[in-house]
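Enquirer: The chain contents come next:
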Amino acid sequence: MTTTDVKYVGSALDRVDGVEKVTGAARFAFEYRPRDLTYAAPVQATIARGEIKGMDAGAALKVPGVIAVIWHGNAPRLAPSDAAELSVLQSPRVAYRGQYVAVVVAETLEAAQEAAALLRPEYAEEGHDVELRADHPRLYRPEHVNPRFPADDERGDPDAALASSPVVVDAAYTTPAEHNNPMEPHAAVAEWDAGGLTVYDSTQQPSGLRGQLAPLFGMPPEQVRVIAPYVGGGFGAKGRAHPYVVLAALAAKQVGRPVKLAVTRREMFAVTGYRTPTIQRVRLGAEADGRLSAIVHDVWEQSSTLAEFAEQTAVATRMMYAAPHRRTTHRLVRLDVPTPSWMRAPGETPGMFALESAMDELAVACGLDPIELRARNEPATDPDAGLPFSSRNLLACLREGARRFGWADRDPRPGVRRRGGLLYGTGVASSTYPAYRAPAQATARAEPDGSYTVRIAAADIGTGAKTVLTQIAADALRAPVALVRVEIGDSALPQAPVAGGSMGTASWGTAVVRACEALTRELEESGGRVPPGGAEASAATAQEVKEQEKYARHAFGAQFAEVAVDAATGETRVTRLLGVFAAGRILNPKTARSQFVGGMTMGLSMALMEESVMDARFGDYLNHDLAQYHIAAHADVPDVRAYWVEEDDPHLNPMGSKGIGEIGIVGTAAAIANAVHHATGVRVRDLPIRLDRLVR
Amino acid sequence: MRPFSYARPADARSAVAMLGDGAVYLGGGTNLVDLMRLGVVEPGALVDVSRLADDVIEETPGGGLLVGAGVRNGDLAAHPLVRRRYPVLAEALLSGASGQLRNMATVGGNLLQRTRCSYFQDVTKPCNKREPGSGCPARTGDHRNLAILGHSESCVATHPSDMAVALVALGAQVRVEGPGGARAVPMPGLHRLPGDDPSRDTVLEPGDLITAVELPALPLAARSRYRKARDRASFSFAVLSVAAALEVDGGVVRDCRIALGAVAHVPWRAEAAEAALRGAPATEAAFARAADAELAAARPLPRNGFKVPLARNLLLRVLADLAEMP
Numbered sequence: 001m002t003t004t005d006v007k008y009v010g011s012a013l014d015r016v017d018g019v020e021k022v023t024g025a026a027r028f029a030f031e032y033r034p035r036d037l038t039y040a041a042p043v044q045a046t047i048a049r050g051e052i053k054g055m056d057a058g059a060a061l062k063v064p065g066v067i068a069v070i071w072h073g074n075a076p077r078l079a080p081s082d083a084a085e086l087s088v089l090q091s092p093r094v095a096y097r098g099q100y101v102a103v104v105v106a107e108t109l110e111a112a113q114e115a116a117a118l119l120r121p122e123y124a125e126e127g128h129d130v131e132l133r134a135d136h137p138r139l140y141r142p143e144h145v146n147p148r149f150p151a152d153d154e155r156g157d158p159d160a161a162l163a164s165s166p167v168v169v170d171a172a173y174t175t176p177a178e179h180n181n182p183m184e185p186h187a188a189v190a191e192w193d194a195g196g197l198t199v200y201d202s203t204q205q206p207s208g209l210r211g212q213l214a215p216l217f218g219m220p221p222e223q224v225r226v227i228a229p230y231v232g233g234g235f236g237a238k239g240r241a242h243p244y245v246v247l248a249a250l251a252a253k254q255v256g257r258p259v260k261l262a263v264t265r266r267e268m269f270a271v272t273g274y275r276t277p278t279i280q281r282v283r284l285g286a287e288a289d290g291r292l293s294a295i296v297h298d299v300w301e302q303s304s305t306l307a308e309f310a311e312q313t314a315v316a317t318r319m320m321y322a323a324p325h326r327r328t329t330h331r332l333v334r335l336d337v338p339t340p341s342w343m344r345a346p347g348e349t350p351g352m353f354a355l356e357s358a359m360d361e362l363a364v365a366c367g368l369d370p371i372e373l374r375a376r377n378e379p380a381t382d383p384d385a386g387l388p389f390s391s392r393n394l395l396a397c398l399r400e401g402a403r404r405f406g407w408a409d410r411d412p413r414p415g416v417r418r419r420g421g422l423l424y425g426t427g428v429a430s431s432t433y434p435a436y437r438a439p440a441q442a443t444a445r446a447e448p449d450g451s452y453t454v455r456i457a458a459a460d461i462g463t464g465a466k467t468v469l470t471q472i473a474a475d476a477l478r479a480p481v482a483l484v485r486v487e488i489g490d491s492a493l494p495q496a497p498v499a500g501g502s503m504g505t506a507s508w509g510t511a512v513v514r515a516c517e518a519l520t521r522e523l524e525e526s527g528g529r530v531p532p533g534g535a536e537a538s539a540a541t542a543q544e545v546k547e548q549e550k551y552a553r554h555a556f557g558a559q560f561a562e563v564a565v566d567a568a569t570g571e572t573r574v575t576r577l578l579g580v581f582a583a584g585r586i587l588n589p590k591t592a593r594s595q596f597v598g599g600m601t602m603g604l605s606m607a608l609m610e611e612s613v614m615d616a617r618f619g620d621y622l623n624h625d626l627a628q629y630h631i632a633a634h635a636d637v638p639d640v641r642a643y644w645v646e647e648d649d650p651h652l653n654p655m656g657s658k659g660i661g662e663i664g665i666v667g668t669a670a671a672i673a674n675a676v677h678h679a680t681g682v683r684v685r686d687l688p689i690r691l692d693r694l695v696r
Numbered sequence: 001m002r003p004f005s006y007a008r009p010a011d012a013r014s015a016v017a018m019l020g021d022g023a024v025y026l027g028g029g030t031n032l033v034d035l036m037r038l039g040v041v042e043p044g045a046l047v048d049v050s051r052l053a054d055d056v057i058e059e060t061p062g063g064g065l066l067v068g069a070g071v072r073n074g075d076l077a078a079h080p081l082v083r084r085r086y087p088v089l090a091e092a093l094l095s096g097a098s099g100q101l102r103n104m105a106t107v108g109g110n111l112l113q114r115t116r117c118s119y120f121q122d123v124t125k126p127c128n129k130r131e132p133g134s135g136c137p138a139r140t141g142d143h144r145n146l147a148i149l150g151h152s153e154s155c156v157a158t159h160p161s162d163m164a165v166a167l168v169a170l171g172a173q174v175r176v177e178g179p180g181g182a183r184a185v186p187m188p189g190l191h192r193l194p195g196d197d198p199s200r201d202t203v204l205e206p207g208d209l210i211t212a213v214e215l216p217a218l219p220l221a222a223r224s225r226y227r228k229a230r231d232r233a234s235f236s237f238a239v240l241s242v243a244a245a246l247e248v249d250g251g252v253v254r255d256c257r258i259a260l261g262a263v264a265h266v267p268w269r270a271e272a273a274e275a276a277l278r279g280a281p282a283t284e285a286a287f288a289r290a291a292d293a294e295l296a297a298a299r300p301l302p303r304n305g306f307k308v309p310l311a312r313n314l315l316l317r318v319l320a321d322l323a324e325m326p
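Chains as they are written, first to last, in the UniProt record's numbering: chain A, 1 to 696; chain B, 1 to 326.
Treat the hints with care, as some may be off.
As the list claims (entries may be wrong) - To list a few chain B residues with every Cβ distance to chain A over 12 Å, as calculated: (1) Arg-51; (2) Pro-61; (3) Asp-122; (4) Lys-125; (5) Gly-150; (6) Gly-171; (7) Arg-183; (8) Val-185; (9) Leu-204; (10) Glu-214; (11) Pro-219; (12) Ala-233; (13) Leu-240; (14) Ala-275.
What the hints assert, rightly or not - Not the full set, but computed from the structure, chain A residues with beta-carbon under 7 Å of chain B: (15) Thr-46; (16) Ala-117; (17) Arg-120; (18) Glu-549; (19) Thr-575; (20) Asn-623.
If you're looking for bench data, these hints aren't it; they were derived computationally from the structure. Beta carbons: idealized from backbone N, C-alpha and C, even for Gly.
Please put together the full structure from these sequences, using the hints given.
Expert: Here it is in structure tokens:
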């Protein structure tokens with residue numbers, strides 16, 4: 001047993017799989033080629049609601065190389081399931097435009113695609129409704145919002161408090177539907193053999209996907225294996241099973257050969273989830289000195305008729321600022337639209353855009369600096385749960401950010417800083433994201449050659465998770481990092497929760513530490529020698545997670561933005577973006593900085609560009625490619641910087657860490673919108689802030 | 001994608017001879033191949049003209065510049081004579097697409113690229129341009145980026161090229177080899193307004209092949225520029241663009257050339273603005289009158305009215321910049 005006093009956690013270790021990735025040696029889902037491979041081309045509904053009456057497959061079947069045309073009329077039966085979105089090709093019903101209605105399997109991708117274009121589904125079309133409105137007659141209050149928060153919440157008498165407040169902000173904000181666009185689109189290769197189903201998938205949770213697939217095919221989970229060692233980005237889109245992976249498995253079962261199915265970027269806009277559009281109304285009642293007496297945040301959002309996904313848009317508002325009177329509500333309407341899902345900090349991102357814009361409006365109304373306004377409303381304990389915060393360093397982030405950004409001499413007057421044809425302005429907003437932890441399992445093994453292998457079914461979606469787990473394991477084993485190999489991305493490994501909710505590292509890391517500690521103890525008891533067959537220990541953290549002490553655990557941050565708005569054209573560009581975060585112990589500064597900068601970049605993209613445009617007559621998102629759906633690229637992010645304040649929080653997990661994947665995006669859009677107001681005097685409450693909102 | 005055949009002719013004449021039924025010319029492929037993947041066009045044969053020996057840039061006897069149709073956009077933008085004599089063209093080219101695309105896209109193909117209207121690009125939706133008689137959902141749908149000038153009941157699409165806007169401002173000539181021989185088509189004049197037949201983008205006939213573009217000798221073009229308003233700093237199509245050249249003498253506009261992009265089915269020569277400016281004082285008030293003269297004809301749609309003040313502001317800005325240039 002080689003031991004070392006070097007501590008790897010906290011060091012900027014290079015990615016352990018960096019070389020594999022940049023040399024192309026790393027294999028992603030689409031790159032697996034089992035023997036006898038076939039290719040699938042799905043067919044998507046061209047109506048938004050109705051029934052399939054027939055499927056003329058004559059021309060498609062004549063295309064050379066076509067093996068099968070599968071639709072609900074001839075598809076293998078799946079087990080009855082509550083997961084209506086995943087019950088692909090089981091019914092003639094069409095619930096949204098773009099839903100899969102058939103799939104062609106062929107010897108080549110080209111043949112499959114040509115045949116798919118020749119398929120002629122016959123539809124009985126019904127009237128559809130795809131428009132989210134705050135006065136929609138079918139709005140209802142969901143039982144819970146994602147993942148299990150109450151939909152509504154009320155303390156005190158907010159209406160009376162608003163009525164008697166000397167200063168009131170009452171404003172409506174909207175955010176559009178937005179689509180995750182990871183570098184690697186979704187793809188799966190499905191293969192059946194005597195043992196069951198193997199799926200190579202681009203997923204954020206091998207264990208969870210196995211658990212979702214197995215019951216659909218009427219099998220115990222052990223008969224499904226999900227392999228995903230490398231994933232080219234996720235942001236939540238790959239956080240749960242989507243219809244394509246079921247379609248691939250079902251097609252492979254039907255043709256008796258492995259099937260490869262790649263979701264094109266166009267298809268993605270209907271079948272892999274998206275951020276719900278929101279309509280939000282925020283009312284803030286305050287004393288003249290800015291002290292809040294009431295916060296009311298009402299949210300309207302949509303889901304599909306197939307599945308209820310109710311985003312937790314106003315939930316962060318419950319714990320962000322102190323106010324004796326508060327109400328937050330969520331109303332949902334089930335429309336004939338694709339099913340929304342997770343997208344980087346679902347809920348917090350659109351919700352904090354509204355809240356933090358309203359706070360800026362309140363600062364203006366009170367004539368207060370926006371940082372001072374936030375300081376005056378800093379709660380002593382979590383206003384929602386009444387619990388103490390495990391740590392809360394929002395003000396430290398705001399003040400450190402102000403120092404680094406150069407906030408001190410800010411002239412608060414809007415629309416007066418002109419250089420050449422450009423109007424300049426600065427803005428600030430707060431961020432928050434919960435520090436979750438979920439049960440996980442891991443094994444740690446001492447090999448006879450002196451190395452260690454740690455196994456856990458985690459997923460590295462580009463965040464550096466495998467690298468950070470290697471650091472965590474090396475420290476727990478007191479071993480040199482070069483001797484530690486971490487295996488992830490396979491449901492055959494010990495069960496692990498999703499790479500999502502900013503809880504991957506905290507959850508997996510706890511299990512890894514416990515497994516490594518158990519192994520170390522075992523080796524110490526046997527005198528430090530590794531037996532010829534190696535030694536192995538395992539850990540499961542369900543009990544530890546359940547028994548953790550009661551604290552409100554959240555990460556906090558502050559974003560500062562400087563914008564330049566072209567006075568002639570209204571074009572807005574972010575010239576500087578700076579974030580400071582308090583997220584517990586930073587385990588790897590290099591991968592952490594990437595996460596923060598990536599999150600802020602995505603927030604900039606949200607603020608200025610991203611919008612999925614629905615055409616109500618057709619019922620689908622029109623701008624379904626990267627030429628039309630704009631995301632920020634290099635020229636749009638000239639200067640994005642991330643810093644952090646060190647937090648020593650003993651109430652989190654053995655590493656002392658909070659999640660960092662999502663908090664970077666949360667306050668960014670509001671900071672930019674606030675900067676646009678400062679630059680121009682125009683308050684834009686509807687994202688994205690494109691030139692048409694500002695040109696006069 | 002439908003199966004297709006592929007041929008690479010040795011010269012323009014044999015390319016024209018090869019262009020039978022269902023065949024199309026392939027330039028850099030930066031637009032055509034996309035459209036084939038989307039099923040928007042399904043040619044039976046591709047005649048690859050991207051490697052014909054027409055990638056030359058040379059001075060003409062009259063003092064102009066002859067640009068082969070196969071010249072890559074990136075090379076044209078970087079050419080010293082283009083940068084010096086026609087800065088508006090270099091700027092237009094550099095504002096278009098990405099470096100990778102500019103290195104593939106050809107001058108001939110750029111002129112013939114198709115609209116990026118979302119309905120045109122989606123075969124599951126009606127579009128008069130793609131499928132004559134099927135209707136124009138853009139007119140009452142998502143037309144934020146579409147036409148404010150010269151559109152018709154049948155079509156509100158815009159021409160997407162940046163380069164073409166500069167070429168229209170410069171008064172370039174397009175050389176065409178066709179089944180009936182060679183001829184020259186002036187710009188403007190190559191592209192056509194939609195009228196009741198939006199399926200035709202240009203006046204070219206079947207088999208016509210663009211072989212070169214000729215830039216005239218135009219001293220005033222040394223003071224020219226291209227300014228493009230867009231939704232992000234990175235590659236994106238224009239929400240609106242202005243190409244302009246201005247000659248000022250003693251505080252008076254002697255001559256000018258102006259074209260607008262992303263406002264119509266064609267790169268739009270702003271003749272009314274030019275007429276209002278010639279002989280007028282080079283002042284902001286005169287520039288504003290010129291812009292208003294041009295935009296009096298604008299017929300914005302319900303969701304693109306912002307393009308009228310955008311065009312006005314951008315034109316004013318470009319003219320003011322040119323007037324102040326040393």
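Enquirer: Does each hint fit the structure? Answer for all of them.
Expert: Status of each hint after checking the structure:
For Arg-51/B, the non-interface assignment is confirmed: its Cβ lies about 25 Å from the closest Cβ of chain A, beyond the 12 Å cut-off. For Pro-61/B, the non-interface assignment is confirmed: its Cβ lies about 41 Å from the closest Cβ of chain A, beyond the 12 Å cut-off. Residue placement check: Asp-122/B does not keep its beta carbon more than 12 Å from all beta carbons of chain A (closest about 7 Å). Non-interface call for Lys-125/B relative to chain A: violated, since the shortest CB-CB distance, roughly 6 Å, does not exceed 12 Å.
With a least CB separation of 21 Å from chain A, Gly-150/B remains clear of the 12 Å interface cut-off, as annotated. The Cβ of Gly-171/B sits about 26 Å from the closest Cβ of chain A, beyond the 12 Å cut-off, so the non-interface label holds. Once the 12 Å rule is applied to beta carbons, Arg-183/B is consistent with being away from chain A; the minimum gap is 34 Å. At roughly 28 Å, the least C-beta separation between Val-185/B and chain A is larger than 12 Å, which holds for a residue marked as non-interface.
Distance check for Leu-204/B against chain A: the nearest CB is about 25 Å away, which clears 12 Å, and the non-interface claim stands. Listed as a non-interface residue, Glu-214/B keeps its Cβ farther than 12 Å from every Cβ of chain A; the least gap is roughly 31 Å. At roughly 28 Å, the least C-beta separation between Pro-219/B and chain A is larger than 12 Å, which holds for a residue marked as non-interface. Its closest Cβ contact with chain A, about 4 Å, brings Ala-233/B to no more than 12 Å, contrary to its assignment away from the interface.
Leu-240/B, annotated as away from the interface, has a beta carbon of chain A within 12 Å; the closest lies near 8 Å. A cut-off of 12 Å between C-beta atoms confirms that Ala-275/B is not in contact with chain A; the least separation is 23 Å. Interface hint status for Thr-46/A: upheld, as the beta-carbon distance to the closest one in chain B is roughly 4 Å, under 7 Å. At a threshold of 7 Å, the smallest CB-CB gap from Ala-117/A to chain B is about 6 Å, leaving the interface hint in force.
Look at Arg-120/A: its Cβ only gets to about 13 Å from chain B, farther than 7 Å, so that hint breaks. Using the Cβ-Cβ criterion of 7 Å, the hint placing Glu-549/A at the interface with chain B is not satisfied: the shortest such distance is roughly 47 Å. Hint status for Thr-575/A relative to chain B: violated, with the closest Cβ pair at about 11 Å, above 7 Å. For Asn-623/A, the interface hint holds, the least distance from its beta-carbon to any beta-carbon of chain B being 6 Å, beneath 7 Å.
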